[in-house]
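Protein chains in written order, with our numbering: chain A, 1 to 400; chain B, 1 to 400.
The set of hints was computed from the structure by calculation and includes no laboratory data.
Do not rely on the hints blindly, as some may be mistaken.
No copy is singled out in the list; a pair is fine if it fits within one copy or between any two copies.
Claimed, not checked - Quick list of in silico lysine-lysine cross-link-like pairs, DSSO-like style, CA-CA up to 30 Å: (1) 60 / 302; (2) 188 / 69; (3) 188 / 70; (4) 193 / 39; (5) 315 / 258; (6) 193 / 96; (7) 60 / 18; (8) 53 / 375; (9) 60 / 188; (10) 70 / 53; (11) 69 / 193; (12) 69 / 181; (13) 193 / 53; (14) 70 / 181; (15) 336 / 69; (16) 385 / 96; (17) 70 / 193.
Bear in mind that the values here come from a model prediction, so they are computed numbers and not experimental data.
2 protein chains.
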Amino acid sequence: MLTQFYDDLETRTENERKKAISKVLPVQIKNLQSLGGLKGIDSDMIDSVEALKQLPVLRKSELREMQQKKPPFGGLVRGTIEHIFQSPGPIYEPGKDTHDWWRFGRFLHACGVGRSDIVQNCFSYHLTPAGMMFENGAKAVGATILPAGTGQTELQVQAAFDVGASVYAGTPDYLNTILEKSSEMGLKLSYSKAVVSGGALFPSLRESYLARGINCLQCYGTADLGCIAYESSEQDGMIVEEGVLLEIVTPGTGNPVKEGEVGEILVTTLNSDYPLVRFATGDMSAFIGGHSACGRTNVRIKGWMGRADQTTKVKGMFVRPEQVAELVNRHPEVSKARVVVSRVNESDSMVVRLEVSGSSNQEYHESVQNIFRIKGEVEVVPTDKLPKDGLVIEDLRSYD
Amino acid sequence: MLTQFYDDLETRTENERKKAISKVLPVQIKNLQSLGGLKGIDSDMIDSVEALKQLPVLRKSELREMQQKKPPFGGLVRGTIEHIFQSPGPIYEPGKDTHDWWRFGRFLHACGVGRSDIVQNCFSYHLTPAGMMFENGAKAVGATILPAGTGQTELQVQAAFDVGASVYAGTPDYLNTILEKSSEMGLKLSYSKAVVSGGALFPSLRESYLARGINCLQCYGTADLGCIAYESSEQDGMIVEEGVLLEIVTPGTGNPVKEGEVGEILVTTLNSDYPLVRFATGDMSAFIGGHSACGRTNVRIKGWMGRADQTTKVKGMFVRPEQVAELVNRHPEVSKARVVVSRVNESDSMVVRLEVSGSSNQEYHESVQNIFRIKGEVEVVPTDKLPKDGLVIEDLRSYD
Chain A
1 MLTQFYDDLE TRTENERKKA ISKVLPVQIK NLQSLGGLKG IDSDMIDSVE
51 ALKQLPVLRK SELREMQQKK PPFGGLVRGT IEHIFQSPGP IYEPGKDTHD
101 WWRFGRFLHA CGVGRSDIVQ NCFSYHLTPA GMMFENGAKA VGATILPAGT
151 GQTELQVQAA FDVGASVYAG TPDYLNTILE KSSEMGLKLS YSKAVVSGGA
201 LFPSLRESYL ARGINCLQCY GTADLGCIAY ESSEQDGMIV EEGVLLEIVT
251 PGTGNPVKEG EVGEILVTTL NSDYPLVRFA TGDMSAFIGG HSACGRTNVR
301 IKGWMGRADQ TTKVKGMFVR PEQVAELVNR HPEVSKARVV VSRVNESDSM
351 VVRLEVSGSS NQEYHESVQN IFRIKGEVEV VPTDKLPKDG LVIEDLRSYD
Chain B
1 MLTQFYDDLE TRTENERKKA ISKVLPVQIK NLQSLGGLKG IDSDMIDSVE
51 ALKQLPVLRK SELREMQQKK PPFGGLVRGT IEHIFQSPGP IYEPGKDTHD
101 WWRFGRFLHA CGVGRSDIVQ NCFSYHLTPA GMMFENGAKA VGATILPAGT
151 GQTELQVQAA FDVGASVYAG TPDYLNTILE KSSEMGLKLS YSKAVVSGGA
201 LFPSLRESYL ARGINCLQCY GTADLGCIAY ESSEQDGMIV EEGVLLEIVT
251 PGTGNPVKEG EVGEILVTTL NSDYPLVRFA TGDMSAFIGG HSACGRTNVR
301 IKGWMGRADQ TTKVKGMFVR PEQVAELVNR HPEVSKARVV VSRVNESDSM
351 VVRLEVSGSS NQEYHESVQN IFRIKGEVEV VPTDKLPKDG LVIEDLRSYD
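Extracted from the complex, chain A is given alone in its bound form (with noise of 0.2 Å):
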């Protein structure tokens, strides 16, 4: 019988949760000094996620020139690893298996997975971490595995039949491949529950699992940084999980948005072995208000609303989110800026649009043209009038 919750720490009182944190994040800030990170940082002063606003933000592409001068982690590893994982670009991230070392645990607790569960694990185990992940994760709480990878469906189906699997874990859309396949090869599993990542889970799909007696969860994680939020049997928002401290910024900057505003998630782990700050994961999302109805008490957020990354090109030129953070910074009357592109007689159109409290429009062209490389059209609007979805640049061509 499983117990309702994983630990203590997803019942505490915000009040309590504030405190552990202004204990351990400071210390984590500490292990990123002592590797060369921040430096001239008081660690004492960061001491909550409002004060992590005060640090840089750490892009993909910093921690990508970072390993390329000192392979393979950029020096960013306390002690010792066991693993070397490599994703896209290519990017490489460390992997330890001591236990919950991912914190994919806390998912698998949630959606019911536990000793008596045996969890085919159609994450690949080759080269990304996706799979020793959930390997990982399962092992915390217990179950048995059937490491199965990508592909080979029928032997997977075959595998399934035989050995009773209850649990499947993959991407959301694999599942209904080996189910069909199932069908073909006219084998009932016995799967109850699945729990997937890597993919947006549409409501419809998540239907169809259920109506077939699969309760499927969903959890919202990286390569770098393991798991991040993850839903609870309610499905009301995914739940942030304890080992890391979650924000969400205007894309391209490290300023936070809004309550409930969608933004760039920023991450910062409290896993000493390898402490990343601030980490933007390019991934956008929203806080939700208030607190999951089945009784975890830390913040939640929205799923997956898309890449932060709106980096276009107009007239042959970049124009990345960045530049867009730099106009806003030169003027501070200046509250929030968004690039619309489109195209207008087969030829590129910028239009920036400006957040402005009072001042003239000629310096915004001056500081596009100087910012950008390119002409722009400058639109001013009144505070609070661009729309909240997280787009700095919003690219209104059709590529079909």
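Chain A is fixed; fit chain B onto it per the hints.
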């Protein structure tokens, strides 16, 4: 700095090893009896490799039947395990990730792999246990692992280059594929060792690796049993792993061949989690006399010498090694038999050659007809005149 030997087990005297076996083997027999196997056997009497020949051989086909009756492992596993693997058949194998559970650590150590190494593990982790076997062995010697699997060769080369992988683990041939791709890509890799298994390592290939500065050693293992025998730097045969007992028998029987003759490898593991006793590997090899020059004292075998399963079809009927064994059993004066199949005038022809001390031909024809259900010519030869190559069925037909 690596010490020469993995542990004290490798350099035991013959008497020390026999004494140790006399203690652990009866316990392992009891382990199997606790699962319902080997009923009526006095486990205390099974105290040496020689004593094993009183016990029945366990064939893969029987294991498969046991698994189908009692999935997934036929009731042969004691306690809890972490992994379930699937091999062609399908047949299922249990796995644990406790220290050197699959016993590949000893092989890796003999190849000089240790804490300072990065092992690129090019065995698949998906369904088959091969990847996890070498993973487990690499952890046992403290190496860091790049789980790479098969395929994605360009990404593998990039990873090997970026992280400075020092050891290749995989099939003998795939290393060549990686090296060719690295030349194409203009990347110089830093492999200095290669630990290979799962296929024949041709001497010319080993030499070509050595010419590139890569010292390549091979081991022999199976999905059910893990590591069985391994080469040391002396490359003078494969030394039997200390956690298994190895017999070489006439295919289709449990009768040991004479010293130096080719036969089928039977393995008894001393692993109490999964007690396999006299498991028929289906692989052929032969003992080598004496000991390796490296100082390891355990018995040695030649490399893999083909498959023991010589089952073939003659005139539409299966002819199996077990039938040849039955023929020998039926006639006390027959010490050995060999079925030679060929093609005469566009038709299958079977000659049964028997090593006989006395007696007439007539009754052999009847036995042959009764046992094989087809007619065959019988040739009687003097004792010790049949070839000692391990074949009981020799198929001379050309399938080109």
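Verification of the supplied hints:
1. 60 / 302: within (23 Å within a copy, 51 Å between copies)
2. 188 / 69: For residue 188 and residue 69, only the inter-copy Cα distance (18 Å) is at most 30 Å; the intra-copy one is 52 Å.
3. 188 / 70: between (51 Å within a copy, 18 Å between copies)
4. 193 / 39: This pair counts as neither: shortest intra-copy Cα distance 46 Å, inter-copy 40 Å.
5. 315 / 258: Neither: 33 Å inside a chain and 82 Å across chains, both beyond 30 Å.
6. 193 / 96: both (26 Å within a copy, 24 Å between copies)
7. 60 / 18: Within one copy, since 28 Å is at most 30 Å while 59 Å is not.
8. 53 / 375: neither (33 Å within a copy, 89 Å between copies)
9. 60 / 188: Intra 44 Å, inter 26 Å, cutoff 30 Å: inter-copy only.
10. 70 / 53: Classified as within; 27 Å inside a copy, 58 Å across copies.
11. 69 / 193: This pair counts as between: shortest inter-copy Cα distance 26 Å, intra-copy 44 Å.
12. 69 / 181: between (47 Å within a copy, 24 Å between copies)
13. 193 / 53: neither (39 Å within a copy, 47 Å between copies)
14. 70 / 181: Classified as between; 25 Å across copies, 46 Å inside a copy.
15. 336 / 69: Neither way: residue 336 and residue 69 sit 35 Å apart in one copy and 68 Å across, limit 30 Å.
16. 385 / 96: neither (47 Å within a copy, 59 Å between copies)
17. 70 / 193: between (42 Å within a copy, 24 Å between copies)
Of the numbered hints stated above, those contradicted by the structure are hints 4, 5, 8, 13, 15, 16, listed in ascending order.
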